[in-house]
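A.B. asks: Given the structure of chain A, go ahead and fit chain B onto it with the hints provided.
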Amino acid sequence: NAGVTQTPKFQVLKTGQSMTLQCAQDMNHNSMYWYRQDPGMGLRLIYYSASEGTTDKGEVPNGYNVSRLNKREFSLRLESAAPSQTSVYFCASSPTGYGYTFGSGTRLTVV
Amino acid sequence: TQLLEQSPQFLSIQEGENLTVYCNSSSVFSSLQWYRQEPGEGPVLLVTVVTGGEVKKLKRLTFQFGDARKDSSLHITAAQPGDTGLYLCAGLKTSYDKVIFGPGTSLSVIP
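Same order as they appear, the protein sequences are chains A and B.
In terms of the working numbering, the first sequence opens at residue 38 and continues consecutively.
In terms of the working numbering, the second sequence opens at residue 27 and continues consecutively.
Chain B extracted, bound-state conformation:
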């Protein structure tokens, strides 16, 4: 049973388009992390959100943590080919727990 669900599973868009990917759970998390993994590499941490309703921006990427701390979204504005990769969300229930990873959204941005 996946504690974290991500949607869509696959996404292929044209350069310049906007997109949103989602991370959902029935569990409450103390914090939620987003990672990007490029082909042949390990995941790289993009952001951690810790407060319900929190919004963080990283250049063209906007991350939001749901008010109830059960879900999160990642919005990319004007996608570029360099945004191509697997986007993973990961939830942490308490500071001393292990992170739980979602299955990921595979994004392909076509020039």
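Okay, chain A solo, but in the shape it has when bound:
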């Protein structure tokens, strides 16, 4: 099915461990985004990539890094996970200036 694919769907990490969340889209969209969603906080932008080869910080970038590997793929890395990073992470893509297509999310728990 066309859309945004995120892996893994669930993950439990110990404090200090690292991991990479993967995201791929097959809609030839220029822009890709990583959000986290927490109760009462809404969707908060972590990093985004307006086009292949560019990345920029969003509202809450601390503790994360990203890589726009090619036009299709945009990964999010947690170098040293902390309990405050327990959240649901969503990847999204869009053609410039239009609505977003979201993946189904990664539910991350850091213990």
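The hints are simulated quantities; they were obtained by calculation from the structure and are not laboratory data.
Ideal Cβ positions, reconstructed from N, Cα and C, are used throughout, including at glycine.
Incorrect hints may appear among the rest.
What the hints assert, rightly or not - Computed beta-carbon distance windows for the label pairs:
{"id": "1", "chain 1": "B", "residue 1": "Pro34", "chain 2": "A", "residue 2": "Thr123", "range": "39 to 45 angstroms"}
{"id": "2", "chain 1": "B", "residue 1": "Glu67", "chain 2": "A", "residue 2": "Asn107", "range": "40 to 46 angstroms"}
{"id": "3", "chain 1": "B", "residue 1": "Lys85", "chain 2": "A", "residue 2": "Lys51", "range": "44 to 50 angstroms"}
Unchecked claim - With the Cβ distance kept under 10 angstroms, some of the chain A side facing chain B (calculated, not the full set):
{"id": "4", "residue": "Ser68"}
{"id": "5", "residue": "Gly77"}
{"id": "6", "residue": "Leu82"}
{"id": "7", "residue": "Tyr85"}
{"id": "8", "residue": "Gly90"}
{"id": "9", "residue": "Pro98"}
{"id": "10", "residue": "Arg105"}
{"id": "11", "residue": "Tyr137"}
{"id": "12", "residue": "Thr138"}
Stated by the list, open to error - Under the rule of at most 27 angstroms between Cα atoms (straight-line distance), these lysine-lysine pairs were calculated in the DSS-like manner:
{"id": "13", "chain 1": "B", "residue 1": "Lys119", "chain 2": "B", "residue 2": "Lys83"}
{"id": "14", "chain 1": "A", "residue 1": "Lys94", "chain 2": "B", "residue 2": "Lys119"}
{"id": "15", "chain 1": "B", "residue 1": "Lys82", "chain 2": "A", "residue 2": "Lys108"}
{"id": "16", "chain 1": "A", "residue 1": "Lys94", "chain 2": "B", "residue 2": "Lys124"}
{"id": "17", "chain 1": "B", "residue 1": "Lys124", "chain 2": "A", "residue 2": "Lys46"}
{"id": "18", "chain 1": "B", "residue 1": "Lys83", "chain 2": "A", "residue 2": "Lys108"}
C.D. replies: Just chain B now, with coordinates in the frame of chain A:
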């Protein structure tokens, strides 16, 4: 500071009732989007409105963009249990900006 406010925050109604949810801002947007998010899934784009005063209908859902392009409303007629979910509005200031999400209205339709 939330640039987009949504009200009410929570809404629980009986099947068959009508309801309206609101999205308000002090900022002007070039377009405004509405998404629905079901439990365990990512948000799904319902509609984009771009012209002040514009009204769009999607079956039992009616979306309106305010004349000054600072606010929007979503009206659901004869709500059904399948309408249950989190309704998010999102504003775009220019075509090359990132979308700004509101905190959402959580709707529960009781059979």
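A.B. asks: Okay, which hints does this one fail, numbers in order?
C.D. replies: 1, 2, 8, 9, 10, 15, 18
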